[in-house]
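Line by line, the protein sequences are chains A and B. In this text, residue positions in the first sequence follow the numbering used here: the first is 421, and each later residue adds one. In this text, residue positions in the second sequence follow the numbering used here: the first is 421, and each later residue adds one.
Think of the hints as simulated: they come from the structure by calculation, not from any bench. The beta-carbon is built from N, C-alpha and C at its ideal position, and this holds for glycine as well. Hints are not guaranteed to be accurate.
To be verified - Derived lysine to any residue pairs resembling SDA-like cross-links, with alpha carbons at most 20 angstroms apart:
#	chain 1	residue 1	chain 2	residue 2
1	B	K853	A	L920
2	B	K535	A	E939
3	A	K853	B	L920
4	A	K853	B	S476
5	B	K622	B	H488
6	B	K853	A	D561
7	B	K853	A	S480
8	A	K853	B	S480
9	A	K853	B	D918
10	B	K674	A	T460
11	B	K674	A	P678
12	B	K479	A	A832
13	A	K674	A	F652
14	B	K853	A	N914
15	B	K479	A	G836
16	B	K535	A	A832
To be verified - Derived, one-sided and incomplete: chain B residues facing chain A with beta-carbon distance under 10 angstroms:
#	residue
17	R531
18	D544
19	G836
20	T839
21	P888
22	T896
23	P909
Unchecked claim - Anything over 12 angstroms on all C-beta distances counts as not near chain B; from chain A, calculated:
#	residue
24	V438
25	N445
26	R731
2 protein chains.
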Amino acid sequence: MLLIGSQFIGSATSRLGVEAFSALNAATGEALPTDFFVATKEEVDAACDSAQQAFSAFKSTSNEARAHFLELIADGIEALGDVLIERCSAETALPTIRLEGERGRTCNQLRIFAKVIREGSWRDVRIEPALPEREPIPRPDLRRMLVPLGPVAVFGASNFPLAFSVAGGDTASALAVGCPVVVKAHPAHPGTSEMVARAIIKAAVCAGMPDGVFSMVHGHIETGEWLVQNQFIQAVGFTGSQHAGRALCNLAAKRPSPIPVFAEMGSVNPVFILPGALAERGESLAEGLAGSVCMGVGQFCTNPGLAVAIRSDEQQAFVNRLAESVALATPGTMLTRGIKSSYQAGSGRLKSHPAVYTESEGNELETSVSGCVFSTDANSFLADEVLSAEVFGPSTLVVNCNSVEEMCEVAANIEGQLTATIHHGPGDDALTKRLTECLLGKVGRVLYNGFPTGVEVGHAMQHGGPYPASSDSRFTSVGSAAIFRWLRPVCYQNAPEDVLPPELLKSNPLGIMRQINGERTTGEG
Amino acid sequence: MLLIGSQFIGSATSRLGVEAFSALNAATGEALPTDFFVATKEEVDAACDSAQQAFSAFKSTSNEARAHFLELIADGIEALGDVLIERCSAETALPTIRLEGERGRTCNQLRIFAKVIREGSWRDVRIEPALPEREPIPRPDLRRMLVPLGPVAVFGASNFPLAFSVAGGDTASALAVGCPVVVKAHPAHPGTSEMVARAIIKAAVCAGMPDGVFSMVHGHIETGEWLVQNQFIQAVGFTGSQHAGRALCNLAAKRPSPIPVFAEMGSVNPVFILPGALAERGESLAEGLAGSVCMGVGQFCTNPGLAVAIRSDEQQAFVNRLAESVALATPGTMLTRGIKSSYQAGSGRLKSHPAVYTESEGNELETSVSGCVFSTDANSFLADEVLSAEVFGPSTLVVNCNSVEEMCEVAANIEGQLTATIHHGPGDDALTKRLTECLLGKVGRVLYNGFPTGVEVGHAMQHGGPYPASSDSRFTSVGSAAIFRWLRPVCYQNAPEDVLPPELLKSNPLGIMRQINGERTTGEG
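In isolation and in its complexed conformation, chain A is listed as follows (with noise of 0.2 angstroms):
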């Protein structure tokens, strides 16, 4: 596939700017074919524009169309073949088994999707028809339901090219819901975001979606920026780092008029490691986390960063065992040179802290990195919070406490985190219990006997828990749930029937579960 390296402005190309970057080989660090052009404000403007001129018609469609839409995104990604993965895997030095299969959750994704909206329960309706009768005042006719906020900023993050990228969960939540979507693109994947927004776009345009449903700009900081300022952005979606997440919610909320910003900013997603685990499994479970620590070079914002256990024998083999695992885990090429960078001083930071102990130092090779394990105890944890700071890549810190009541306090101190995990065996239920309840508050999942990496695209996943790990907990970025951030809902009082949509009328023409007067139904109301 030719690369053409614009902007796409709904089904439109666009050229204006001047200044260009290239896609590196991320292993080789050489420069890929096609140069990337950097967004205009223009161009920019112009794409919320035409997404804004989308959004009367797109909002509109059925419930059928959309989901559609979404299906022929999918059928399109499937479609660019090897192409999509060779590209992507020069982009990203992710290997090709890795992108095959992010490619099927991100397709499996989109068909989540459509499946949830064809479903039509998702308007989350409730009618209380009028009681005329009633005293000492009559009741009106109210019948409300979930309408789309209008048109969504979606930044591409780097570390899922697909499956958290320009066709990822944020578009497809967004797209399905009747929102319009302007993507940045990331820089470090632009032609895998290009080949991706073309299949995009193709979609709509055979779905007869409206033109400017969806359009992707390529850019760095500025353009991002001029994205969540522009005035027709409703909303935004975001994954990346803390500190960039936070840039744009204190963006959004400067705004003449403030948007919500749904920003997933990662976390060391703690593991605690119970005696009763340790003396039980204690060597598979270091394997285990091991594996966890070093799959995809660390770069999950569920990678975990943190263990936590008391000190015994079994625990000091258990330390061992991971420090060995880790150490024999082959070394693997970073999504960019950046976060290699960025890697090394994180994990230098931990090296030369006085209060640390290398564990395993990792090997430092041309282009690729290895594993590290550090350890410290629970006071210097408790004392430096540059201890329990995200170090993006596969480094693990643990940290080793003298009593249950230590672990308690590590637990007690963490900040909020997408997921922490709990290890436990025979003898462990207590402790089990008092920790989960700890942990509960601090979290968006927690994960019992397992490993945080692998999030489970469904109905009943969680991914968002409290700042920093996302800027607003009470929505979620993946699984079907992940809609509700761009909804709102809209109340019709003693409305005429044909203003109504379908979705309120009496007669419940779509068939769908609604509440009338606070009870679910597929009937009349």
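Dock chain B against the given chain A, drawing on the hints supplied.
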């Protein structure tokens, strides 16, 4: 009842401050008995500490226990009897009959939340049981439900001293789901606030709720700022002016750990009066609108401050009749001297505006105010945003349009609103549809052939709209859905049964409606 004027920190009272203020008789300006002390920062922090201390136990109370607590609050408020109404009437100049109605609404609201909580489906439980045989990887067991955010700060509003104040919808919805509440009492009705606070505290003690589940502090702007900045406060509920609401949002966004603020900031609630409605019932519409404008001395968030009509003989007769009816309405005393001054300034700005004609000037009386009716043309309205600013009080501006197109242009240019209203009659079907489509993008609630004052408390209400009507249009501050402002999802992955809350157990011991693999059922899962 002897008022004490202290802070209420859980079940204790505190009086560390030296600055005191009196409640004023709103009609006479004379000081009412009891000095109220402004809380010190120490006291505000103590209230928040106490809320945080209570949170762990409070969130674990049963639905039944919290429902009973809410009902005891309602009983306690009713048991205050005439003493409450008399004090409240003196502090606010609101008539007894209105306050009795508002008390009924406040207690009804508490009982509705009790019912919703008891029923149990508010947890929005979503379960996806493990699929160990799934290929290529097994699905873990996922169980998700909503949990309370933590301590909530509530700001009492001046204009509903009962229904949007100490035990109003914000407090009721937060307590319902297990969030402790710290109220900042509105300084215009501190005696009313104390009486209601004591009823809540008594109910908390009788219901065996943990101490600290409710606190109330007195004070001014700085007091509220301390509250919003306190590290334990996890969300804010506010009803009041746009200026104050935005200031709280800005403050919350700048915290080291930002928190959500639901600020309901009012709006001008445009009423569109279509030609067919004017022809059919112009006179009764004028009288109905005059009644809505003057009701409660115009001191409602949903007061109709804007009426839009197309020039015609009927429209001229309508405006004349509106002006007459407003002029004939009994003058009323406003809630505070400050509100009266603002009303005079706001209506004065319209009076002196070169493009505004004064249809009914209102009499200037010593303590009370009467209503004003102004008119302008659509072009002038569109050209100067001062004409669309809210004037809190019994004032309305008629916008005269030369055509349907101008009316639609006015609709297209209004900012976010709590409500918009369309009065339609024979021959108005097409315009009703067109305006509906346009207005739905701007409002939380659209009404037909009615008046926006009077907000039904039920399952289907939406009170909140696009900015600046409220700070987050995705939520409502009135009705049973108001609880979702204070809840966030948590997901348990592969949790042992003995750490799961009853809502998530396979056997569904609470018998609540849950989603199992996306299907709603009260069965096992």
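Status of the hints after comparison with the structure:
1. K853(B) to L920(A): The given pair, whose Cα atoms are some 9 angstroms apart, holds under the 20 angstroms limit.
2. K535(B) to E939(A): holds, 13 angstroms
3. K853(A) to L920(B): holds, 9 angstroms
4. K853(A) to S476(B): holds, 14 angstroms
5. K622(B) to H488(B): Distance of about 13 angstroms is within 20 angstroms: holds.
6. K853(B) to D561(A): OK: K853(B) and D561(A) at ~18 angstroms, within 20 angstroms.
7. K853(B) to S480(A): Judged against 20 angstroms, a Cα distance of about 13 angstroms means the pair holds.
8. K853(A) to S480(B): holds, 13 angstroms
9. K853(A) to D918(B): holds, 8 angstroms
10. K674(B) to T460(A): violated, 30 angstroms
11. K674(B) to P678(A): Holds, at roughly 14 angstroms.
12. K479(B) to A832(A): holds, 17 angstroms
13. K674(A) to F652(A): holds, 15 angstroms
14. K853(B) to N914(A): holds, 14 angstroms
15. K479(B) to G836(A): Holds. K479(B) to G836(A) sits at ~18 angstroms (cutoff 20 angstroms).
16. K535(B) to A832(A): Violated. K535(B) to A832(A) sits at ~34 angstroms, over the 20 angstroms cutoff.
17. R531: Check failed: Cβ of R531(B) comes no nearer than 13 angstroms to chain A, outside 10 angstroms.
18. D544: With a closest approach of 9 angstroms, the D544(B) hint holds.
19. G836: Result: holds, 7 angstroms to nearest chain A Cβ.
20. T839: holds, 8 angstroms
21. P888: Nearest chain A Cβ about 7 angstroms off; hint holds.
22. T896: holds, 6 angstroms
23. P909: For P909(B), the interface hint holds, since the closest Cβ of chain A sits about 5 angstroms away, which is under 10 angstroms.
24. V438: The assertion about V438(A) holds, with a minimum of 36 angstroms to chain B.
25. N445: With a cut-off of 12 angstroms, N445(A) remains clear of chain B, as the shortest Cβ separation is near 29 angstroms.
26. R731: R731(A) is indeed farther than 12 angstroms from all Cβ atoms of chain B, at 25 angstroms.
Checked against the numbered hints given earlier, this structure breaks hints 10, 16 and 17; the rest are met.
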